[in-house]
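Student: Read off the chains here:
There are 2 protein chains.
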Amino acid sequence: MMLEQIGKQAKQAARVLAGADTETKNRALLAMADAIEQGAEQLLAANGEDMAAARAAGMNDTMLDRLQLTAERIRGMADGLRDVAALPDPVGRVLDDQVRPNGLHLVKVAVPIGVIAVIYEARPNVTADSAALCLKSGNAVILRGGKEAIRSNIASVELMRAALKEAGLPENCVQLVTDTTHASANALMHLNAYVDVLIPRGSQRLIRATVEQSTVPVIQTGSGVCHIYVDKAADPDMAASIIENAKTSRPSVCNAAECMLIHKDIAPVVLPKIADRLEAKHTQIRGDGRVMAILGSRAVPATVDDWGREYLDYVMAARIVDSLEEAIDYVYRYSTGHSECIVTEDPAAAEQYLNSVDAAAVYWNASTRFTDGGEFGLGAEIGISTQKLHARGPLGLNELTSMKYKIYGKGQIR
Amino acid sequence: MMLEQIGKQAKQAARVLAGADTETKNRALLAMADAIEQGAEQLLAANGEDMAAARAAGMNDTMLDRLQLTAERIRGMADGLRDVAALPDPVGRVLDDQVRPNGLHLVKVAVPIGVIAVIYEARPNVTADSAALCLKSGNAVILRGGKEAIRSNIASVELMRAALKEAGLPENCVQLVTDTTHASANALMHLNAYVDVLIPRGSQRLIRATVEQSTVPVIQTGSGVCHIYVDKAADPDMAASIIENAKTSRPSVCNAAECMLIHKDIAPVVLPKIADRLEAKHTQIRGDGRVMAILGSRAVPATVDDWGREYLDYVMAARIVDSLEEAIDYVYRYSTGHSECIVTEDPAAAEQYLNSVDAAAVYWNASTRFTDGGEFGLGAEIGISTQKLHARGPLGLNELTSMKYKIYGKGQIR
Numbered sequence: 475m476m477l478e479q480i481g482k483q484a485k486q487a488a489r490v491l492a493g494a495d496t497e498t499k500n501r502a503l504l505a506m507a508d509a510i511e512q513g514a515e516q517l518l519a520a521n522g523e524d525m526a527a528a529r530a531a532g533m534n535d536t537m538l539d540r541l542q543l544t545a546e547r548i549r550g551m552a553d554g555l556r557d558v559a560a561l562p563d564p565v566g567r568v569l570d571d572q573v574r575p576n577g578l579h580l581v582k583v584a585v586p587i588g589v590i591a592v593i594y595e596a597r598p599n600v601t602a603d604s605a606a607l608c609l610k611s612g613n614a615v616i617l618r619g620g621k622e623a624i625r626s627n628i629a630s631v632e633l634m635r636a637a638l639k640e641a642g643l644p645e646n647c648v649q650l651v652t653d654t655t656h657a658s659a660n661a662l663m664h665l666n667a668y669v670d671v672l673i674p675r676g677s678q679r680l681i682r683a684t685v686e687q688s689t690v691p692v693i694q695t696g697s698g699v700c701h702i703y704v705d706k707a708a709d710p711d712m713a714a715s716i717i718e719n720a721k722t723s724r725p726s727v728c729n730a731a732e733c734m735l736i737h738k739d740i741a742p743v744v745l746p747k748i749a750d751r752l753e754a755k756h757t758q759i760r761g762d763g764r765v766m767a768i769l770g771s772r773a774v775p776a777t778v779d780d781w782g783r784e785y786l787d788y789v790m791a792a793r794i795v796d797s798l799e800e801a802i803d804y805v806y807r808y809s810t811g812h813s814e815c816i817v818t819e820d821p822a823a824a825e826q827y828l829n830s831v832d833a834a835a836v837y838w839n840a841s842t843r844f845t846d847g848g849e850f851g852l853g854a855e856i857g858i859s860t861q862k863l864h865a866r867g868p869l870g871l872n873e874l875t876s877m878k879y880k881i882y883g884k885g886q887i888r
Numbered sequence: 475m476m477l478e479q480i481g482k483q484a485k486q487a488a489r490v491l492a493g494a495d496t497e498t499k500n501r502a503l504l505a506m507a508d509a510i511e512q513g514a515e516q517l518l519a520a521n522g523e524d525m526a527a528a529r530a531a532g533m534n535d536t537m538l539d540r541l542q543l544t545a546e547r548i549r550g551m552a553d554g555l556r557d558v559a560a561l562p563d564p565v566g567r568v569l570d571d572q573v574r575p576n577g578l579h580l581v582k583v584a585v586p587i588g589v590i591a592v593i594y595e596a597r598p599n600v601t602a603d604s605a606a607l608c609l610k611s612g613n614a615v616i617l618r619g620g621k622e623a624i625r626s627n628i629a630s631v632e633l634m635r636a637a638l639k640e641a642g643l644p645e646n647c648v649q650l651v652t653d654t655t656h657a658s659a660n661a662l663m664h665l666n667a668y669v670d671v672l673i674p675r676g677s678q679r680l681i682r683a684t685v686e687q688s689t690v691p692v693i694q695t696g697s698g699v700c701h702i703y704v705d706k707a708a709d710p711d712m713a714a715s716i717i718e719n720a721k722t723s724r725p726s727v728c729n730a731a732e733c734m735l736i737h738k739d740i741a742p743v744v745l746p747k748i749a750d751r752l753e754a755k756h757t758q759i760r761g762d763g764r765v766m767a768i769l770g771s772r773a774v775p776a777t778v779d780d781w782g783r784e785y786l787d788y789v790m791a792a793r794i795v796d797s798l799e800e801a802i803d804y805v806y807r808y809s810t811g812h813s814e815c816i817v818t819e820d821p822a823a824a825e826q827y828l829n830s831v832d833a834a835a836v837y838w839n840a841s842t843r844f845t846d847g848g849e850f851g852l853g854a855e856i857g858i859s860t861q862k863l864h865a866r867g868p869l870g871l872n873e874l875t876s877m878k879y880k881i882y883g884k885g886q887i888r
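So the protein lines, in turn, are chains H and G. If you want this note's numbering, it's the position in the first sequence, counting the first as 1, plus 474. If you want this note's numbering, it's the position in the second sequence, counting the first as 1, plus 474.
Hints were generated in silico from the structure; no laboratory data involved. Do not rely on the hints blindly, as some may be mistaken.
Here are the computed lysine-lysine pairs in the DSS-like style, where the Cα-Cα straight-line distance is at most 30 Å [unchecked claim]:
no., chain 1, residue 1, chain 2, residue 2
1, H, K485, H, K621
2, H, K621, H, K482
3, G, K738, G, K706
4, G, K485, G, K582
5, G, K706, G, K747
6, G, K755, H, K884
7, H, K738, G, K884
8, G, K755, H, K485
9, G, K706, H, K738
10, H, K755, H, K738
11, G, K485, G, K621
12, H, K884, H, K582
13, H, K639, H, K621
14, G, K621, G, K482
15, G, K706, H, K884
16, H, K482, H, K639
17, G, K738, H, K884
18, G, K738, G, K755
19, G, K884, H, K755
20, H, K706, H, K747
21, H, K884, G, K482
22, G, K884, H, K747
23, H, K582, G, K706
24, H, K706, G, K582
25, G, K582, H, K582
26, G, K482, G, K639
27, H, K706, G, K706
Treat the numbers as computed from the prediction; the structure is a model and nothing was measured.
Model the full structure from these sequences, guided by the hints.
Tutor: Written out as structure tokens, the structure is:
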């Protein structure tokens with residue numbers, strides 16, 4: 475029932491927000507940024523309580539780090555809001571403009587989607603980040619964060635709502651679901667009357683559960699089992715550099731590489747170079763039989779569980795392939811369609827790979843780590859879509875809009 | 475289990491089809507058209523059996539008409555396939571092309587979605603039509619038609635599959651589910667491992683059931699509760715002409731109007747004109763109290779059930795509103811977001827309506843009947859999307875594609 479009420483309020487707010495001009499939305503975003511900064515003390519206090527509760531519950535250090543807010547991270551949240559204010563307004567973009575032979579003038583324009591619900595986990599900065607992107611794209615947002623960050627989320631949403639009101643927009647443009655039980659997430663997934671799209675941000679488990687259970691349309695994000703294929707015509711040093719970067723620059727993110735496929739002809743030369751780089755970053759290689767034959771004690775034997783696995787850690791699977799085609803087949807089988815890469819100096823092999831591999835981003839001679847809204851020039855992102863419908867790859871402001879046809883006639887009938 | 479096998483075959487075929495060039499796809503489409511025409515006798519015989527069974531089961535005349543194939547309709551199916559062959563290939567379109575400051579070259583191209591499942595009802599021509607659009611857009615299709623048309627569908631799919639094979643494409647690019655029970659539809663809705671998108675074509679009941687039950691992403695089509703708002707500044711004759719056309723030119727389709735909203739100031743002038751037009755087309759008006767006061771015995775009183783109702787028949791609801799804003803509010807409440815129209819000579823009122831009403835197509839001074847792939851210049855359509863994600867409005871070939879980024883580097887790391 476609470477969710478029903480939140481949904482209704484979001485839909486009402488969305489209707490007002492859809493008519494708001496760019497200036498009003500930007501003013502609200504800047505006010506929200508100021509409010510977050512000015513409320514830093516309040517936010518830190520709330521976050522301190524979350525941290526204490528999490529420590530008492532035995533949360534591990536990685537998770538504690540994600541949960542923690544600092545003065546610097548709070549400034550980052552505020553700056554994120556300001557960055558979004560500076561981006562172009564995606565609403566009202568003319569996507570197509572044509573006059574039909576009968577004189578009908580069709581103008582296809584970008585419009586807000588309506589109400590977006592975001593289900594996420596422990597990182598409290600996702601709250602401001604999602605609010606900013608949804609607001610700028612004219613969508614009301616319903617935020618349902620994890621229980622670990624609930625006090626931090628309540629504090630930041632309160633600050634942002636007050637700023638919205640001050641800027642002349644409905645405070646219900648941004649709402650937080652304070653019930654953090656499974657029941658509230660489940661209710662959101664079935665709130666079809668009010669929610670136009672649901673975006674899960676977080677673990678593979680959360681995303682899978684949302685896709686399976688939600689009757690509200692979902693934009694599937696995340697989960698990247700990314701491969702680097704080192705072709706026989708690769709530059710070995712470039713291959714080692716790309717693999718080191720793709721694996722170790724930030725192993726916990728979805729665009730990090732999880733598996734290398736090495737052409738048999740180049741393996742004896744390139745594998746030791748790769749091992750040098752990965753060892754320096756304390757990264758374990760789990761190899762198939764032929765990799766083990768080359769690397770010996772520098773690697774450990776892979777098991778069947780290692781293929782198609784997202785480690786999100788300093789571990790990388792490695793496997794020898796006999797041909798480009800075998801690499802493509804392997805990727806077809808194990809890729810999650812996020813980011814894939816071929817390293818080669820052979821343009822024909824590269825083009826075959828780029829065309830045959832079906833993923834949001836397919837790279838020739840560059841690290842998979844570039845799959846990111848900022849790196850793609852979108853300014854900001856709400857996630858990386860790994861699905862085929864609506865949007866694929868980094869989801870920026872444009873991807874948070876729908877469209878409509880405005881049609882100008884002079885009495886035409888059919 | 476049968477569905478599992480069909481899904482697997484579709485996915486394999488899709489992989490081959492995704493790499494097929496335009497010429498091969500067009501050759502296959504033309505061969506399919508010829509096969510349909512040359513197999514007309516076989517098709518008519520199968521359809522005759524469907525018709526006999528349907529008559530024996532007491533099917534009504536409208537439904538029998540939808541089910542029936544004639545020599546002319548078979549030619550229409552074949553011509554439909556040829557029309558799709560003549561359309562531009564949506565695959566490989568460059569959607570974006572940019573070089574980032576670090577030298578990475580990003581090319582965003584249209585790619586097939588993969589495997590599309592279509593669930594539909596009694597019209598056997600949907601079979602060829604869906605097969606054509608999916609094939610041209612590089613997608614394997616799984617067709618699940620209604621039991622009434624099963625013999626006709628088996629016959630046409632056999633003809634098309636033989637033609638595919640001859641043209642050098644996998645026959646499993648087009649597959650028919652011959653089990654027409656609810657169980658097979660349900661299994662399709664949960665075939666996430668193989669099916670990328672599900673498109674229901676048919677009754678509101680079918681569409682609603684699919685949206686509610688499917689875990690496979692759905693493109694929601696159909697269901698149009700379309701309104702014509704006659705503003706106080708309308709040209710009364712244009713209003714009457716548009717309403718007559720929108721209601722009576724083909725009442726059974728989703729872009730037909732179901733309700734007129736008349737500004738109180740113009741109602742005494744315009745309503746009798748509208749009644750003249752609708753009476754000539756044997757169309758009943760169901761009016762609110764104020765409409766009844768003007769039209770008297772020329773209308774019948776509406777009940778609460780008449781608001782937001784899709785008659786798909788020679789019946790139209792009518793209601794007086796006090797203002798443009800009231801019309802917008804009414805449409806907000808009852809529209810299914812398909813096609814909406816304002817008739818007015820006042821550009822400011824028109825622009826307010828076009829901006830405030832949230833629907834796939836919003837018309838100023840033109841019939842809602844134009845919402846159609848052909849009329850919008852798409853060449854052909856697989857339905858009209860009334861959802862906000864992926865595509866809204868007529869779904870043509872472009873809307874049956876996804877996208878990917880092909881990224882050209884020189885060893886860049888992040």
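Student: Straight-line Cα separation of K582 (chain G) and K582 (chain H) no greater than 30 Å?
Tutor: Satisfied, since the Cα-Cα distance of roughly 21 Å is no more than 30 Å.
Student: Would you check the hint for K738 (chain H) and K884 (chain G), treating anything up to 30 Å between C-alpha atoms as holding?
Tutor: 23 Å, holds
Student: Would you check the hint for K621 (chain G) and K482 (chain G), treating anything up to 30 Å between C-alpha atoms as holding?
Tutor: Holds, at about 23 Å.
Student: Would you mind confirming whether the straight-line C-alpha gap from K621 (chain H) to K482 (chain H) stays at or under 30 Å?
Tutor: 23 Å, holds
Student: Verify the proposed pairing of K706 (chain G) with K747 (chain G), using a straight-line Cα cut of 30 Å.
Tutor: 15 Å, holds
Student: Is the Cα-Cα distance between K485 (chain H) and K621 (chain H) 30 Å or less?
Tutor: 25 Å, holds
Student: Given the hint that K738 (chain G) pairs with K884 (chain H), test it: the Cα-Cα distance must not exceed 30 Å.
Tutor: Given that 30 Å is the threshold and the Cα spacing comes to 23 Å, the pair holds.
Student: For the pair supplied as a hint, K755 (chain H) and K738 (chain H), confirm whether the alpha-carbon distance does not exceed 30 Å.
Tutor: 25 Å, holds
Student: Does K485 (chain G) pair with K621 (chain G) here, judged by a C-alpha cut-off of 30 Å?
Tutor: Distance ~25 Å between K485 (chain G) and K621 (chain G) Cα, so the pair holds.
Student: Do the alpha carbons of K482 (chain G) and K639 (chain G) lie within 30 Å of each other, as the hint requires?
Tutor: 18 Å, holds
Student: Keeping to a limit of 30 Å between CA atoms, is the pair of K755 (chain G) and K884 (chain H) held or broken?
Tutor: Status holds; Cα separation ~23 Å.
Student: Taking only the CA atoms, is the gap from K639 (chain H) to K621 (chain H) under or equal to 30 Å?
Tutor: 26 Å, holds
When each numbered hint is compared with the structure, violations occur for hints 8, 9, 21 and 27.
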